[in-house]
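Now for the letters of each chain:
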Amino acid sequence: MRNRAGEITSRVWLIWGFVFLYLPIVTLIVLSFNASPLVTTWAGFSFKWYGELVRDVVIIEGFLLSLKIALMTATASVVLGTFAAVALTKFPRFTGRTFFSGMVNSPLVMPEVIIGLSLLLTLVSLQRLTEDLFGVGWPDRGTFTIWIGHTLLGMAYATVVISSRLREMNPQLEEAALDLGAKPWQVFFLVTLPLISQALGSAWLLSFTLSLDDVVLSAFLSGPGSTTLPIAIFSRARLGLNPTVNAVATLTVLVVSIGVVAASLWLARIERKRAREMAAAAKN
Amino acid sequence: MSAHVSTAAPAASRWLDRVVARLGRKFVIGVPMAFLLAVFALPFLVVFKISVSETEGVRFLDLLTWVDGMLQLKLRFSNYLYILFEDALYLEAYLSSIKYAALTTVICLFIGYPFAYFMARSRPEARPALLMLVMLPFWTSFLLRVYAWKMLLADNGVFNNIALALGLLDEPLKIMHTPFSLTLGMVYTYLPFMVLPLYANLVKMDIRLLEAALDLGATPWQAFWRITVPLSKGGIVAGALLVFIPCVGEFVIPELLGGPQTLMIGRVLWDEFFANNDWPMAASVAVVMVLLIIVPLALFNKYQAEQSAGGRA
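Top line first, the protein sequences correspond to chains A and B.
Each residue of the first sequence is one higher than the one before, counting from 76 in our numbering.
Each residue of the second sequence is one higher than the one before, counting from 155 in our numbering.
Calculated directly from the structure, the hints in this document are not laboratory data.
It is possible that some hints are incorrect.
Unchecked claim - Below, in silico cross-link-like pairs of lysine to aspartate or glutamate (EDC-like), each with a Cα-Cα straight-line distance of 20 Å or less:
| # | chain 1 | residue 1 | chain 2 | residue 2 |
| --- | --- | --- | --- | --- |
| 1 | B | LYS328 | B | GLU460 |
| 2 | A | LYS165 | B | ASP369 |
| 3 | A | LYS165 | B | GLU460 |
| 4 | B | LYS203 | A | ASP254 |
| 5 | A | LYS165 | A | ASP254 |
Just so you know, these numbers come straight off a predicted model, no measurement behind them.
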């Protein structure tokens with residue numbers, strides 16, 4: 076009797092929780108097909124806003140720029156994140172370890188306005204310094220500076236994902252390779268990296284989406300002419316409701332959900348295949 | 155003679171391997187360390203420096219200067235005095251940021267704990283799908299999801315329309331740009347950050363402990379409060395910090411969903427920088443904000459370090 080009541084509470088709580096999480100997303104999708112620009116009236120089903128989107132130069136250029144930055148960010152984040160994760164999981168003692176782990180973890184929670192402002196002021200100081208020294212100021216605000224900021228954030232997330240995978244990995248596999256005469260760098264490339272490939276994939280996707288979505292860091296670090304998609308959306312959203320934003324949202328949701336589901340299925344398949352191969356190898 | 159050569163060669167190659175391994179280790183630690191020092195640690199020093207710098211036009215003067223053969227250090231604390239004593243707006247914004255962040259954390263815990271608990275106790279086959287469902291909104295644009303609440307809550311938005319059509323309301327209710335819409339947006343955005351660490355903690359819990367408590371005569375309610383909750387303390391702390399710290403400095407949600415009464419320090423900093431172009435003032439606001447979150451931040455770092463130590467053991 077008691078158990079049954081528990082079961083029902085559990086169902087109801089989970090269902091309402093998911094309704095809460097998905098209600099805004101469903102709203103965006105439904106209203107993106109509304110012929111009327113007003114939220115108030117449903118004027119019939121229409122692809123009108125998608126048509127406007129295709130002609131919207133700010134959105135298209137913003138999207139291409141965001142895509143470019145996201146690709147660069149994801150790649151740099153995974154490389155730096157792998158380094159940091161290996162350092163934190165494999166080397167229990169080194170000078171400045173506590174400080175290092177603090178620097179890796181803090182961007183996860185540090186308010187973005189603080190990261191954005193401090194990084195911008197540093198880059199501007201550097202630009203002034205190089206101008207005084209060499210006559211040419213570097214770096215200019217734009218794609219490069221946004222990339223640096225996003226990579227700081229992406230790297231923190233990548234490190235969490237990769238180091239949790241490294242920790243649950245069986246250390247005997249690496250030890251066996253070392254015993255059999257492989258050099259540490261060979262062990263890393265031939266044993267460790269293939270074993271954590273799924274985590275590398277998730278970390279790449281996570282930092283990719285973080286970068287594609289970021290407003291605050293981009294706003295601080297962007298220069299004239301480097302309007303990313305979120306900056307464009309944000310400036311419209313601030314002014315009020317805008318139906319083309321709904322169309323962008325629907326497309327994003329569609330692409331991201333398909334991408335994430337497909338990627339996780341694919342990565343899970345690779346993982347299973349590897350597990351099978353390892354089991355077969357163990358039998359032989 | 156030949157025997158001598160054959161032992162020397164492996165010794166040399168072993169020495170070389172050791173050197174390569176040591177250099178590799180230095181490289182693996184050094185690259186991310188250098189990156190973080192340059193783009194994370196150094197910027198804090200720069201912000202502090204600029205917050206106490208004298209300005210001349212758009213340039214910040216050096217703190218240290220040689221005057222008549224003497225090294226002179228000039229610090230300007232007027233921004234801090236202004237923030238702390240002269241204009242009440244700043245202190246109010248700090249206090250109300252902490253208030254909203256704390257409120258958001260409590261509500262997230264209240265909704266998120268049962269949510270994570272029921273997820274962790276659901277059938278094992280269902281868990282990956284449930285986890286995916288929690289993560290999926292997290293992958294889709296946070297900005298667009300916050301924007302969606304604007305459409306739901308606006309005076310002529312979805313909720314008001316439905317309520318008016320059903321006759322529940324005679325005139326539209328003012329929900330948008332109120333403390334309510336701000337808190338709702340923050341709870342909505344940060345709920346997954348509470349659920350995920352709690353779920354990770356609860357799913358690992360040893361069920362036999364609960365069974366033992368029940369066998370020894372505890373009611374399920376007692377077992378929950380005396381066994382489950384204390385054991386999930388780590389998850390609660392992690393979730394609370396993951397919600398509280400970023401909420402203190404949140405900018406996008408207050409900007410889109412908050413109103414004139416909901417003053418938050420993230421917005422104040424943004425305006426100092428983008429609207430007033432007062433960089434030293436923005437830097438001072440940031441430094442005070444860092445001081446406010448430094449204790450929770452240290453707790454968070456300690457927790458993360460313990461997590462990794464626990465995982466290794």
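Hint by hint, here is what the structure shows:
1. B:LYS328 - B:GLU460: violated (46 Å)
2. A:LYS165 - B:ASP369: violated (43 Å)
3. A:LYS165 - B:GLU460: Given pair LYS165 (chain A), GLU460 (chain B) holds - Cα atoms ~15 Å apart, limit 20 Å.
4. B:LYS203 - A:ASP254: Distance of about 52 Å is beyond 20 Å: violated.
5. A:LYS165 - A:ASP254: holds (17 Å)
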